[in-house]
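Visitor: So you can see what is in the structure, the chains are spelled out below.
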Amino acid sequence: DQQVKQNSPSLSVQEGRISILNCDYTNSMFDYFLWYKKYPAEGPTFLISISSIKDKNEDGRFTVFLNKSAKHLSLHIVPSQPGDSAVYFCAATDNAGNMLTFGGGTRLMVKP
Amino acid sequence: DVKVTQSSRYLVKRTGEKVFLECVQDMDHENMFWYRQDPGLGLRLIYFSYDVKMKEKGDIPEGYSVSREKKERFSLILESASTNQTSMYLCASSLPGAGVFYEQYFGPGTRLTVT
Numbered sequence: 001d002q003q004v005k006q007n008s009p010s011l012s013v014q015e016g017r018i019s020i021l022n023c024d025y026t027n028s029m030f031d032y033f034l035w036y037k038k039y040p041a042e043g044p045t046f047l048i049s050i051s052s053i054k055d056k057n058e059d060g061r062f063t064v065f066l067n068k069s070a071k072h073l074s075l076h077i078v079p080s081q082p083g084d085s086a087v088y089f090c091a092a093t094d095n096a097g098n099m100l101t102f103g104g105g106t107r108l109m110v111k112p
Numbered sequence: 001d002v003k004v005t006q007s008s009r010y011l012v013k014r015t016g017e018k019v020f021l022e023c024v025q026d027m028d029h030e031n032m033f034w035y036r037q038d039p040g041l042g043l044r045l046i047y048f049s050y051d052v053k054m055k056e057k058g059d060i061p062e063g064y065s066v067s068r069e070k071k072e073r074f075s076l077i078l079e080s081a082s083t084n085q086t087s088m089y090l091c092a093s094s095l096p097g098a099g100v101f102y103e104q105y106f107g108p109g110t111r112l113t114v115t
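Chains as they are written, first to last, in my numbering: chain G, 1 to 112; chain P, 1 to 115.
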């Protein structure tokens, strides 16, 4: 049973608009969350993270929101750019080691 | 600049062959990981290693083994390749610790096809 779920396999957004990617988790022991971005034929690269002691973390055009009571996090990209087109994975970890549990990914397409 | 390299970008093997996938990192990281990526399933952990000669099973270790003889090198071995092991294989490394140290650095991946 997947502990981290990204229920939208794909998302299409117009350039300049906001992209919102969602992620749900079931394990209440998770206390740190990360977003990775993956282009075709490349490995995933780290994008942004958030600790469970925060509810928001911002880095330029990227903001991650965490709702612990709902076990839900989201990644906002504003404004979206064609270069943001990629697969986005959310990942989570508890404090018992350095393993990450990944979601299934969401393919974002930003149309010019 | 951090770097994780994998020995092959594309590999085609026959059913029953023994397959070696090599990963090297130059960041002096203690932790190294092997994942496979399949559509809709995300990245699933096969094995990880937190030190030389140490290894732990991940979520899907069946049909795989690993070797870590040197800190910078982590090998994934498919003892007898099967068609259901056709996948993208990703290696990653990280430092031990919490918070920002959870970030893992990935190699470019090896697309393995077993026929």
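Keep in mind that the hints are not guaranteed to be accurate.
Sample of chain G residues facing chain P (criterion: CB under 10 Å; computed from the structure) [said to hold, decoys possible]:
| no. | residue |
| --- | --- |
| 1 | Leu-34 |
| 2 | Ala-41 |
| 3 | Ala-70 |
| 4 | Lys-71 |
| 5 | Ser-74 |
| 6 | Asn-98 |
| 7 | Leu-100 |
| 8 | Thr-101 |
Computed beta-carbon distance windows for the label pairs [stated by the list, open to error]:
| no. | chain 1 | residue 1 | chain 2 | residue 2 | range |
| --- | --- | --- | --- | --- | --- |
| 9 | G | Ala-70 | P | Glu-22 | 37 to 47 Å |
| 10 | P | Thr-83 | G | Ser-28 | 29 to 39 Å |
| 11 | P | Lys-70 | G | Thr-45 | 17 to 27 Å |
| 12 | P | Lys-18 | G | Val-78 | 25 to 35 Å |
| 13 | G | Lys-68 | P | Phe-20 | 14 to 24 Å |
| 14 | P | Pro-108 | G | Arg-61 | 21 to 31 Å |
By construction, these hints were calculated from the structure, which means they are not laboratory data.
By construction, the Cβ of each residue, glycine as well, lies at the ideal position given by its N, Cα and C atoms.
Visitor: Checking each numbered hint in turn, tell me which of them this model violates, lowest number first.
Guide: 3, 4, 5, 12 and 13
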